[in-house]
Amino acid sequence: MPWQRETFKKIKQIPREEHVLPGTALCAGCGGLEALRLAAKVLGDDVVYVNAAGCFTMLAAYPFTPFKGSWLYTTMGSAPAGAQGVRDALDVLIAKGRLPERENLKVVVLGGDGSTYDMALSSTSGAITRKLDFYYFCYDNEAYGNTGAQLSPATPYGARTTTSPCSLQHPSGTTHEKKDIFEIWRAHKPPYIATVAPRYPLDLEEKFTRAAKFTGPKLFLALSACPTGWLYDPGETPEVAKLAVETGLWPLKEAIDGAITHTYIPKRKPVEEYLKLQGRFRHLFEPKVQSEAISHIQGRVNAYWEQVKLAEKTA
Amino acid sequence: MEGEMMTGNLAAAWGARLADVDYVPAFPITPQTEIVEALAKWCESGAMAARFVTMDSEHSMMTAAGAAAATGARVFTATSSQGLLYAIEVLYSVSGWRAPLVLVNVSRALAAPITLEPDHNDVLAARDCGFLQIHAETCQEVLDSILMAYRIAEDERVMLPVIVNLDGFYLSFTREPVSMPDPEQVKLFLPPFRPAHLGFKASVPHALGVAVIGGTPYSYFRHQMHLAAMNALEVHREAAAAFEQLFGRRYDVVEGYRLEDAEDVLVMTNAFSSKGKAAVDATRAEGKRVGLLRLRMIRPWPADAIRHALQGRRAVAVLDQNLSPGQGGILFQEIAACLYHEPLRPQALCSFIGGLGGKNLSEGELRAIFEQTAEAGIRRRGIGPVLLYTEAEHREMMQLQLLAAGSRADS
Chain Z
1249 MPWQRETFKK
1259 IKQIPREEHV
1269 LPGTALCAGC
1279 GGLEALRLAA
1289 KVLGDDVVYV
1299 NAAGCFTMLA
1309 AYPFTPFKGS
1319 WLYTTMGSAP
1329 AGAQGVRDAL
1339 DVLIAKGRLP
1349 ERENLKVVVL
1359 GGDGSTYDMA
1369 LSSTSGAITR
1379 KLDFYYFCYD
1389 NEAYGNTGAQ
1399 LSPATPYGAR
1409 TTTSPCSLQH
1419 PSGTTHEKKD
1429 IFEIWRAHKP
1439 PYIATVAPRY
1449 PLDLEEKFTR
1459 AAKFTGPKLF
1469 LALSACPTGW
1479 LYDPGETPEV
1489 AKLAVETGLW
1499 PLKEAIDGAI
1509 THTYIPKRKP
1519 VEEYLKLQGR
1529 FRHLFEPKVQ
1539 SEAISHIQGR
1549 VNAYWEQVKL
1559 AEKTA
Chain B
852 MEGEMMTGNL
862 AAAWGARLAD
872 VDYVPAFPIT
882 PQTEIVEALA
892 KWCESGAMAA
902 RFVTMDSEHS
912 MMTAAGAAAA
922 TGARVFTATS
932 SQGLLYAIEV
942 LYSVSGWRAP
952 LVLVNVSRAL
962 AAPITLEPDH
972 NDVLAARDCG
982 FLQIHAETCQ
992 EVLDSILMAY
1002 RIAEDERVML
1012 PVIVNLDGFY
1022 LSFTREPVSM
1032 PDPEQVKLFL
1042 PPFRPAHLGF
1052 KASVPHALGV
1062 AVIGGTPYSY
1072 FRHQMHLAAM
1082 NALEVHREAA
1092 AAFEQLFGRR
1102 YDVVEGYRLE
1112 DAEDVLVMTN
1122 AFSSKGKAAV
1132 DATRAEGKRV
1142 GLLRLRMIRP
1152 WPADAIRHAL
1162 QGRRAVAVLD
1172 QNLSPGQGGI
1182 LFQEIAACLY
1192 HEPLRPQALC
1202 SFIGGLGGKN
1212 LSEGELRAIF
1222 EQTAEAGIRR
1232 RGIGPVLLYT
1242 EAEHREMMQL
1252 QLLAAGSRAD
1262 S
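Protein chains in written order, with my numbering: chain Z, 1249 to 1563; chain B, 852 to 1262.
Hints were generated in silico from the structure; no laboratory data involved. Watch out, some of these pointers could steer you wrong.
To be verified - List of simulated lysine to aspartate or glutamate pairs, EDC-like, C-alpha gap at most 16 Å:
(1) B:LYS1052 <-> Z:GLU1349
(2) B:LYS1052 <-> Z:ASP1339
(3) B:LYS1052 <-> Z:GLU1351
(4) Z:LYS1344 <-> B:ASP871
(5) B:LYS1139 <-> B:GLU1114
(6) B:LYS1052 <-> Z:ASP1294
Said to hold, decoys possible - Okay, the calculated bits of chain B under chain Z, using three or more residues with CB under 8 Å as the criterion:
(7) 871–885
(8) 940–953
(9) 1056–1062
As the list claims (entries may be wrong) - What the simulated footprint calls covered on chain B by chain Z, stretch by stretch (three residues with Cβ under 8 Å from a Cβ of chain Z suffice, anywhere in the stretch; the number is not a length):
(10) 903–911
(11) 1044–1053
Just so it is clear, CB atoms sit at the ideal spot from N, CA and C, and this is done for glycine as well.
Isolated chain Z (complex conformation) (with noise of 0.2 Å):
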């Protein structure tokens, strides 16, 4: 049977309040902070934010901060072991009677993809491994954002970034595939983990809605779509942001205690529908096309289908 939505059956029945108030300085047209926005319409406002560095660090700028709920900016490679001693004094003084119950708040780490796929793994996998009872929003913007988009172990092959330009020994720019770390999450066996896009907010919704009936680690990969990285108009966000999983490119799914279930199958627009958008990706169709990197992403995603496809008739 294929996946539905309990409790988000129609966009009306997302909460109007906001938690993230707008005026902050992040880019126009951030896809993480779109998705974070719907994020905390189900995590509500009793929530500490642990942070690591990235873009998103810039949201609490003294004496501003978006939130009703609080903050710790921690470093870039630490903040779930932040998480960690947040949520272990919060359990040790309400234990002890120093905290009533009703102060208790949601602990929730906040990082990009350059300290979540890298620099955080270790206190990332310390975390999970300990069954901490946290939520992990990694805002995936595929590079170095806030250092203007250098190359990350996200950064998928074919994409420009300033630190893998595109020249004559690598026409495609970056070389390397994106790390799967969805798979190296779902290694650890925590009881959640979703990917979700900003442009799927029903989806997105149901997913933290799920998400919140389980104790232990509860992670989630959200597809931030970039303008300033990845060169196109702000205005275009939710297109991209679309198109990403169109195109198969960024598959909805979720893994509970680590089985897989997709959660929306697309039906694979090409994937020049959604490179030909962004300015990291020009490259591979001017001055000329270049036609077996393209055909190599499309190659990637259509195995990747074909094994979803094959896993759920084995199932």
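Chain B: place on chain Z using the hints.
Relative to chain Z, chain B alone:
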């Protein structure tokens, strides 16, 4: 002597236990491991009402420690050497959060070459991170200093974390008699941790460690940390008086040993100060008027106490168990700086580097220090940095080099 025989490490663990800490994030590293082993056992058995968590690195350990203290828990943790350096990024964060935890560092020299034995380059690498630093000479002092450290750290005028330092091996694994403070009296000395300005809770959202742009707020908050650290001198004085009243033992920011009429003074820190004191006794037995000044508090730097102790002396020698390559001894620089404006400053300042990587400090070396310092005082001209290395040690090293080069030397 009365008291239980225990190692410096066990004394450190008892300090945390008596301080009734709430939370111990841990990571093993030699020579500190015995501390977290003891605490793990006590947390597991219920002897301590604290949560013990083994983290994935010292970097994570310090982050969890600081975050828990910022949430309002009393936190203890411990490390050594490479672990302290791995955590050093976070040390700056934790002090910036004004999270008043206590970190025990069991000194061990830094790689490369890698070793397990002590010197002070590890703890002095954390000199500028905003943690206060207390360096202990004996196992008793380790335990007592941890209790004092919590009282100082948590004082509203300070609100900064503290490192309590002890030497690996020489103190960490050496059994000494330790008089155990009565837990009820500890409660009188150290009130429960109920911070007014820290803690994450639903009714009072707040943001900590936020970005600041433009330099003005950054400078302001850093100045605040400096002023708070300087307040710790007065708070230490009060804590020392209260501690003496309750437990009968007195600790000041510096300790003078036979200074009364001393012409020449040797400045030392940590466990080897005991060797220094024995050398003072031996040298005095030969009719020479020498004394020792042990620095107990390194941050805040007790400049007035040091000036007071060293003014009017003929010569002062600083024995650094650390080396800043291309400069010399780290504490020598600080002693020299704080004596510059002293009208009665000593005639000569001498810098000696010894005890690196656990190398012994022999009676002969200490005798040589006093002799060379006296000569420098008479000449009114300081010397150094002098790297202490005996002839026997030099011969031993030559033998090792021959072995290392063996196959090539043969061919």
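Hint check results:
Restraint check for B:LYS1052 and Z:GLU1349: the C-alpha separation of about 10 Å stays at or below 16 Å, so the hint holds. A hinted pair counts as satisfied when its Cα atoms are at most 16 Å apart, and B:LYS1052 with Z:ASP1339 qualifies at roughly 12 Å. Straight-line distance between C-alpha atoms of B:LYS1052 and Z:GLU1351 comes to about 5 Å, which keeps the hinted pair within the 16 Å bound. Between Z:LYS1344 and B:ASP871, the direct Cα distance comes to roughly 12 Å. Compliance with the 16 Å bound is thereby established for this hinted pair.
About 8 Å separates the Cα atoms of B:LYS1139 and B:GLU1114, which keeps this hinted pair within 16 Å; it holds. Between B:LYS1052 and Z:ASP1294, the direct Cα distance comes to roughly 8 Å. Compliance with the 16 Å bound is thereby established for this hinted pair. Note: the region 871–885 of chain B has 3 residues with beta-carbon separation from chain Z under 8 Å; the three-residue rule is met and the coverage holds. Three residues within the 8 Å Cβ limit are the bar, and the region 940–953 of chain B against chain Z gives 4, so the coverage statement holds.
With 7 residues carrying a beta carbon less than 8 Å from a beta carbon of chain Z, the region 1056–1062 of chain B meets the three-residue requirement, and the given coverage holds. Here the region 903–911 of chain B counts 6 residues with a CB under 8 Å from a CB of chain Z, which clears the bar of 3, and the coverage holds. A stretch counts as covered by a chain when three or more of its residues have a beta carbon under 8 Å from one of that chain; for the region 1044–1053 of chain B and chain Z the count is 5, and the coverage holds.
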